[in-house]
Amino acid sequence: AQSVAQPEDQVNVAEGNPLTVKCTYSVSGNPYLFWYVQYPNRGLQFLLKYITGDNLVKGSYGFEAEFNKSQTSFHLKKPSALVSDSALYFCAVRPFSGGYNKLIFGAGTRLAVHP
Amino acid sequence: EPEVTQTPSHQVTQMGQEVILRCVPISNHLYFYWYRQILGQKVEFLVSFYNNEISEKSEIFDDQFSVERPDGSNFTLKIRSTKLEDSAMYFCASSDLRDSHEQYFGPGTRLTVT
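Residue numbers (the numbering used here), protein chains in the order written: chain A, 12 to 126; chain B, 30 to 143.
Since the hints were made in silico from the structure, they are not lab data.
Far from chain A, by Cβ distances over 10 Å, these chain B residues were calculated:
1. T42
2. N57
3. S95
4. K107
5. K112
6. L113
7. T141
8. V142
Interface residues of chain A toward chain B, partial, derived using beta-carbon atoms under 10 Å:
9. F45
10. Q49
11. N52
12. L55
13. Q56
14. F57
15. K60
16. K113
17. I115
18. F116
19. G117
20. G119
C-beta: ideal position from N, C-alpha, C; glycine also.
Turn these sequences into a full structure, and let the hints steer you where they fit.
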């Protein structure tokens, strides 16, 4: 079955420290991978995507993610966390099945950045 | 910046009642989606819609659910006879192309069935 796993319910990090939010996936073929962020009372906001090419992709607000095919992972990273990065982060995959852009989401990871 | 909007933000209804959740996608987008998130669970795909017809639906999207684009701007999700387990946050999304890799999401409607 196609699935996305975010093994951590919450990640705590001090402001200024690097952060990593983990994501692994299980789909057939070569998927498209995404990260979305959700702030309170807001919709899901697109952060970045991996489609093809360079395994390290850069996105909004200084975030980046590294695609690792052998480990089927797509971890979200940022070199220096800000308090304003505190939010709920979702990893998602679009199976490369020719379907109409259906996204499969992970359960989400709450990032808490402390001053 | 264009946004997807959804109304109402919170809907409370009694079991067995019909509800209609409304969405206004971004104006030049052609593909529309509904997702839902039961409290504490994953965001789940419900249905995608293009050219006035459903293009894909999940097993969750049974006969109790329907979608419609009644005019050039709105996209609605109807639940005919709500059940307690329909309580969830419902997200609408839109994208401009089939192969567009960015779906733009609305803020969600929280549906509470009592």
